[in-house]
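S.K.: Please build the complex by placing chain S on the supplied structure of chain Y, with the hints as guidance.
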Amino acid sequence: MDASSLLPLPPVTFHILLALAEEDRHGYAIIQDVESRTGGELRLEAGTLYRSIHRMLEQGLIEETRSRPTPELDDERRRYYRITKFGVEVARAEARRLAQLVRLARKSGFAPGNA
Amino acid sequence: MFLYRLLLRLFPASFRAAYGDEMCAVFAARRRSENAAMLWANTIPDLVINAARIQLDVLRQDLPWALRSLRRAPRFAITVVAVAALGIGAGTAAFTLLDHVLLRPLPFLDPDRVVLLYQTDLARGYARFELSPANFADWQAASTTFESSGAYGSTRINLTGEGDPMRLNMAAFTSGVFQTLGVEPFAGRVLDTADDRVDAPDVAVVGFGLASALFGDPARALGRTLNLNDRVRTVVGVMPPEFSFPSREVALWVPYRFTPAELSNRRDFRLAGIARLRPGASIDQARAEAESIATRLQREYPDDNRGLGATVVEMRAALTSPQSRVLVLAVFGAALCVILTACGNLATLLFVRVMMRKQETAVRVALGAGRERLVRLLLTESVVLAGIGGTIGVVLAVAGTPLLARLVPDALPVADLPGADLRVLAFATMLTLMTSIAFGVGPALRSYGRLDVNALRSRSATDSRTSRARAAFVVAQVCGTVTLLVCTGLLLEAMQRVESVDPGFRSERVLTLRTELPFPKYGSIEARREFYSSVLDRARALPGVVQASYTSFLPMVFGGGIFSATTAGDPGEIAVSIRFVTPDYFATLGIPLLDGRDVADRDDASAPLAAVISQSLASRLWPGQNAIGRQLDVEVVGRGWTVVGVVGDVTVRGLERSSEPQMYFPFQQQQDLNFYAPKDLAIRTSGDPLTLIPVVREIIRETDPQQVISDVRLLDDVVAAQTGSRRAQLSVLGIFASVAFLLAAVGVHGLLSYAVSTRTKEVGVRLALGARRQDVLRMFLGQALKLGIAGAAVAVPLAYAAGRAMEPILFGVGPGNLVIYAAAVALALAMAIVGSLVPAARAARVQPAVTVRNE
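So the protein lines, in turn, are chains Y and S.
Under our numbering, the final residue of the first sequence carries the number 115; numbering is consecutive throughout.
Under our numbering, the final residue of the second sequence carries the number 855; numbering is consecutive throughout.
Please keep in mind that the hints were generated in silico from the structure rather than gathered at the bench.
The beta-carbon is built from N, C-alpha and C at its ideal position, and this holds for glycine as well.
Mixed in with the good hints, there may be bad ones.
Okay, the calculated bits of chain S under chain Y, using three or more residues with CB under 8 Å as the criterion [claimed, not checked]:
id: 1; region: 18-32
id: 2; region: 44-54
Between beta-carbon pairs, the in silico distance windows are [said to hold, decoys possible]:
id: 3; chain 1: Y; residue 1: P10; chain 2: S; residue 2: A213; range: 54 to 60 Å
id: 4; chain 1: Y; residue 1: A21; chain 2: S; residue 2: R53; range: 22 to 28 Å
id: 5; chain 1: Y; residue 1: E89; chain 2: S; residue 2: P64; range: 27 to 33 Å
id: 6; chain 1: S; residue 1: Q61; chain 2: Y; residue 2: P10; range: 17 to 23 Å
id: 7; chain 1: S; residue 1: G368; chain 2: Y; residue 2: A21; range: 58 to 64 Å
Looking at chain Y on its own, in the form it has when it is part of the complex (with noise of 0.2 Å):
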């Protein structure tokens, strides 16, 4: 699948992306991550969370994990969820678009900063 078919990402896909760019989590970690990432400004709830994360499944940007951390830290009921190379290939197209965005809206004034 083309990675730019899939743009523009619904802003929750790309959270959960970033969610998953530096470790692998489980859903509630997920939603930690990304709450206080974006400064408690996003709080995701669980229906939300998982419907994203049973479409982006099925869409190839992220993949279960069987590899479990620690047993200390493990939790039986949890299923681990892994970033995919197309996820960081989508991920990654998705910030340039933005990017390309912010910049365009620098030129018009609407943004801070230089363009």
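M.R.: Then chain S, alone, in the frame of chain Y:
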């Protein structure tokens, strides 16, 4: 936690299986750290919205599958769509009518607080009639339960000066009426208290339709003047299009003004009264107060107000007669029968389909499809089919609204055509969904209960419980059909009974039209005599004209004109219906002259007052004696009328109601009562009356070019109009009955087909063992017959109950008419047999060798 899991069931099972545990974990973790109320406030919308989105996603995935499998079974799909369309169409149409007449709030401010006022005279059998100006004024002054009140009346007037002269319905309102109704004008203003004064300028408020017709843009009507019955009025306001009080025909409103003389008239009952209850006052209080005021007036005016009571009725109840309510409910009941029949059909059809697809389902199960997935696929198919059927049904219902509109009571001040709007569409959608879910999922859940591949693969005899259920459905359909047929038959007989009522005159080949002579132009009897003579002499000279004359009002077009008659030697008063006529009126209408003579030219102002009375009046006052020469006084009309002739009675108030006895007076002896100056022309011809219309118009034009001609029609049509609404009722119910009949036939056919297809082995064995083909035929026909009889048996008491409930509209036809029942049952049984013929014949043609071998 339990609640969370419960809400999770909103999601598809597969999703739940994959993520349910995690979602619970997240929720549990959250609950430890957050405020419960806030958490739920966020969680519930999240769950509901996302569940809905996911369900929609799955639906979108399933849709191509569903369409494909439906395309592979076109006959099934078309049958289901047709059945659903008929059921939903009938239900939507009936609900539209019900809503329009009974449920929808009347288009006024707070309509539940608006009431209509009436006088009563229970001793003489009048439960409601109009108020007199004096009574209304006294009652308005004394009443404490109303926050506003007003009086109104309507009449017809001529509008001239704007193109061709037009005849319009006009209503006169005191300012209190607009205040009570509380409707804002579209432009300008409504009438206010300043307009009530007798010396105030002549103004008018016009309706949206009239303003548009006359001036294009309704707002441009403001400030224009209109010439109404030779009186110039200035337009001060335009009402919005949906305002139609007191009736849909009223085109404009003028102030109702009373001179002091008029205001003291206690016997001219011509006002309708309307009022708004004060906040906190109940209608019972208002009614009690009205009665006590009436009693007080009886004491104060013992002659004028003798026996006069008063009552207060809620507006909707006042304007919809019990008959129209029964009718609307009957239509709704009929629609329910059709819907139930349709649902029964759908259940059978869908169940059969599930059974037929057992092989295919077994393959899917073997390939790993879960039970929920299969049910979901079936549900998608059902939703698609019901959706298409529902859409067609709504279109059918909308197409049928003109027919339905004829069932809306004339007096109800609502829009002409009940429209299909949001409420109706919501009802139709709900019906559609319920149908599709109930009959799509029901059979699926039952049959997929055990996903045992082997069980699915076998074509063994079906579960006896489900086959009994299916038989019960067919019985229910037959029952519904028979009930509807009986009700239709009863209505048909009622209509025939009404049509067979003798109106008292002969209506064939009589042309009628109305020339309402305006006052003051025709204020003198001389002027009117010249007009009538000119028209009648010339009309009588036309070839083919047998007789011609004028009367105040033709029978059946006006029920008023009731005054009290008294005679010496009889203490009582009799209410009579009065008319002023030209000579030869009775000959023109074919009313038999039983004794004495007709009114004549010599009965003019200088001659003794002469009257012709109807037979019933003569028998009442002078039973067994000669009425000729007796004297009568009639209030307001005159004293000292001598009876010169007796004629047969006519049904003045129409075929279905009882009428007061009639009195006819020579038009030349009319004093005042301008409203009753003869205006209806009747011409009896020997040929086709319609051919005379242009000539008669010409005669009237030559007599007075400014005279407006209206209501040109045959007397036959006047009589036929009496049964017009019954014919509409019959059409609607007849259509419903036919639809139910068709659906039941399809249901019988479907059931028998299925029965035959599952029992081919049994039939083959029987034939191999020596049974004759006609035994097989008889076996299946007998099954159908049993279903028919069972359905008919259940239907008979049901139909009887329905007939009893419909009594108000049956015009005396009792619900226990054997012929109708027998006919309905016979039709149903015939339908059962015909519906089963094809499958039974197929069964009889089974080749035993083939079927036994296939096993």
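S.K.: Name the hints, by number, that the structure is in violation of.
M.R.: Violated hint: only 7; rest satisfied.
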